[in-house]
Amino acid sequence: MKNIGSKLIAWIDERYDLTPVRNLLEHKKVPVHKHSIWYYMGGVTLFLFMIQLFTGILLLLYYRPGEDSAYESVRFIVTNVKFGWLIRNVHSWSANLLVLFAFIHMFSVFFSKAYEKPRELTWVTGFIILIFTLAFGFSGYLLPWNELAFFATKVGTDIVGVIPIIGEPLKVFLRGGEDVTGATLSRFFGIHVAVLPAIFTFFLALHLLFIQRQGMHEPEHFKNLPEEKKKYIPFFPDFALKDLLLWVVVFNVLIFLALYFPWELGNKADAFTPAPAGIRPEWYFMFMFQSLKLLPAHIIFIEGELLGILFFGVAGFVWMLIPYIKIKNKPNWKIQPLALIGIIIVSFIVVMTVLGYLL
Amino acid sequence: MQIDRRKFLNILLGIGGIGGVLAIIYPVLSFLNPPKSAEPKVNSVKAGLNNDFPANSSKIIKFGRQPVILIKTEDNQLKALSASCTHLDCIVQYRQDTKQIWCACHNGTYDLNGRNISGPPPKPLEEYEVKVVKDEIVITKAG
Ligand code: HEM
Ligand code: FES
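Just so you know, the protein sequences line up as chains A and B, in that order.
Each step along the first sequence adds one to the number in the numbering used here, with nothing skipped, and position 98 is 98.
Each step along the second sequence adds one to the number in the numbering used here, with nothing skipped, and position 121 is 1121.
Since the hints were made in silico from the structure, they are not lab data.
Glycine included, every Cβ here is placed at the ideal spot set by N, Cα and C.
One or more of the hints may lead you astray.
[Claimed, not checked] With a cut-off of at most 20 Å between alpha-carbon atoms, the simulated EDC-like pairs for lysine to aspartate or glutamate come out as follows:
(1) B/Lys1041 to A/Glu178
(2) A/Lys28 to A/Glu218
(3) B/Lys1062 to A/Glu147
(4) A/Lys293 to B/Glu1129
(5) A/Lys171 to A/Glu303
[Unchecked claim] Some residues of chain B that are not near chain A, with every Cβ distance over 10 Å (derived):
(6) Lys1046
(7) Glu1074
(8) Gln1096
(9) Ala1104
(10) Thr1109
(11) Arg1115
All chains should be built: construct the whole structure from the sequences, respecting the hints.
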C-alpha cells in the first residue's frame, strides 16, 4: 500500500515538481503561547463552510424554489426524505455556528493585532467573507418560505428603501418587484446557491493563499522572547492533527444540536395574513435591528432609521480598513485605545443582542 | 505624424472598448431590473356578506395586489384601511382586546381611523371607502 502511495507521489513529482508543497509541509510552523487557542478559530469556520457546501448541495436535490413549492418541498425534505430532517437541521445549525465562529475569529484577530502589516489584505478579505456569510444567512432564511422568514425579509428589504436615491431601486432589485413575492424567492435562491458560493469561494481562496504565504502571526509578547525561548510546533502533522481533533469535537456538537434542537418550519408564508407576534431577524442581525428600533423616529431633521443605517455602513467600512488606520499607543494607559475600541464594540453588540431578546 | 496616428488609434480603440463594455453592462443591468407586472386595475372589491361578518372582528381582503384590512367595530361600523404598515411593510392586525390596529413587527399601533398613535409607524394607514349594497360589503378606493 505504502509503496503505491509513494510511487504515485513520485510520478506526480517527476512531472509537476512538488518541491513547494513539500517545503510548505516541512517548514511551516505554528508558534506556541498562551493565546494559541485562537489560531484554531479560522479552521473551525472553514470546516463549517465545507459542511454548508456539502449539506447545501444535498438539500438542492429536493428543494424547489417558488411560492407554491418552496415550503412544500422543505416539508417534504423533513418528513418524507430519509434523514432529510437531519440534513436540514445540520445545514441550519451549521449556518449559525459558522457565523458565530467567524465573529470569534475576527475579534481574536483584532485583539491580537494580527491584521497589522504585512497582513492587511488578509484582514480585508476576511471581512469581505464575513459580509458574504451574513448574506448567505439572510438569503437562506427566506428559502423555506415560512411566515417568520417572509416578514423578516419584508422588513429587512424595506429598510434598504430608506437610503436616499439608490435605496428604492436597490429594494426593487432585491425583491424582484415592489413587494416580497415569488420573484423575491427566485432571486434569493439564485443568490444563495450560485452567486454567493462562487464569490465566497474566490475570496476564501485569496484569504487562505495570503495566510499560507505569510505564515502565522506572532503576537507582541512572543516576538519579544529570546530566540531560544520561542516554542513552535510543526504545522504538519502536529497542528493539522489538533485542528482535526477540534473539527471532530465541533462536528459532534453540531450533530447533537441537530438531533435535539430541530429547526422549526412554522407556517407557510401568506402575503394576506397579519404578521404574527415574535417577528425577528436571525440573532446575528439582532444588534443592528435593535439599535434601529431604539433610535427615535427623527433626529433633528433626518429619519432615525436612515441615520442608523448610514452609521452601520460607515462603521463597517472603517472596520474593514482598520489595518490602514494608525492609532497611537498611550504608554501610561492601562488598556490601549485600540483594545478599548474593540471592547466597546463587542459590548455594544452583546448588549444590543441581549436587549433584542428581552424587550 | 507617427505619434499622432498612434494617439488617434488609441483613442479610437479606447472609445470602441468603452462602447463595447457599455453594450454589455446596459443589457445586463436592464435584465436585473424586474419588469413592471401589469398592475390589475382594481377599483372595488366585494368582501362578503355583512350579515356573516361578526362585530369586533376583522379580515384581510385582497385589493388587487394590495392587502386591505376590513374591520367591523363593536357598534357595527365598517372600516377599511390599507393593511400594509407604514413603518416597514408588515401586515397589521385588529386587536379585539384593545380595539386598536396593531403591527406585531415593531409594536406599532393605529386607531380605528388608521391614525398612527404609538410605536415607529411614521404615517397613518390609507383609508378605503366601504359600502353595503344589498348586504354585500363593497370596498372602493377613496377619492
Ligand atoms: C454552497 C453553499 C450552499 C448551498 C448550495 C445552500 C443551499 C440551501 C438550500 C437549498 C436551502 C433551502 C432548504 C432549507 O431551507 O432547508 C438552504 C437554506 C438555508 N441556508 Fe444554505 N446553502 C449553502 C450555503 C449556506 C451558507 C454558507 C449559509 C450560512 C451562513 C447558509 C444558510 C442557510 C440558511 C439559514 C437556510 C434556511 C434554513 C432553513 O430554515 O431550513 N447556506 N440552503
Ligand atoms: S413594520 Fe409595522 S411597526 Fe415596523
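So, going through the hints one by one against the coordinates:
1. For the suggested pair lysine 1041 of chain B and glutamate 178 of chain A, the alpha carbons sit about 16 Å apart, so the restraint of at most 20 Å is met.
2. A distance of roughly 13 Å separates the Cα atoms of lysine 28 of chain A and glutamate 218 of chain A; the hinted pair therefore holds under the 20 Å criterion.
3. Of the supplied pair hints, the one linking lysine 1062 of chain B and glutamate 147 of chain A holds, its CA atoms being roughly 18 Å apart against a limit of 20 Å.
4. Between lysine 293 of chain A and glutamate 1129 of chain B, the direct Cα distance comes to roughly 33 Å. Violation of the 20 Å bound is thereby established for this hinted pair.
5. Taking the CA atoms of lysine 171 of chain A and glutamate 303 of chain A, the gap is about 18 Å. The hint holds against a cut of 20 Å.
6. Distance check for lysine 1046 of chain B against chain A: the nearest CB is about 16 Å away, which clears 10 Å, and the non-interface claim stands.
7. Interface exclusion of glutamate 1074 of chain B from chain A stands, the closest Cβ pair being 19 Å apart, more than 10 Å.
8. Here glutamine 1096 of chain B stays apart from chain A, with its beta-carbon at least about 12 Å from theirs, past the 10 Å limit.
9. A beta-carbon of chain A is positioned within 10 Å of the beta-carbon of alanine 1104 of chain B; the least distance is around 4 Å.
10. Every CB of chain A lies more than 10 Å from the CB of threonine 1109 of chain B, the least distance being 13 Å, so the non-interface label holds.
11. At roughly 15 Å, the least C-beta separation between arginine 1115 of chain B and chain A is larger than 10 Å, which holds for a residue marked as non-interface.
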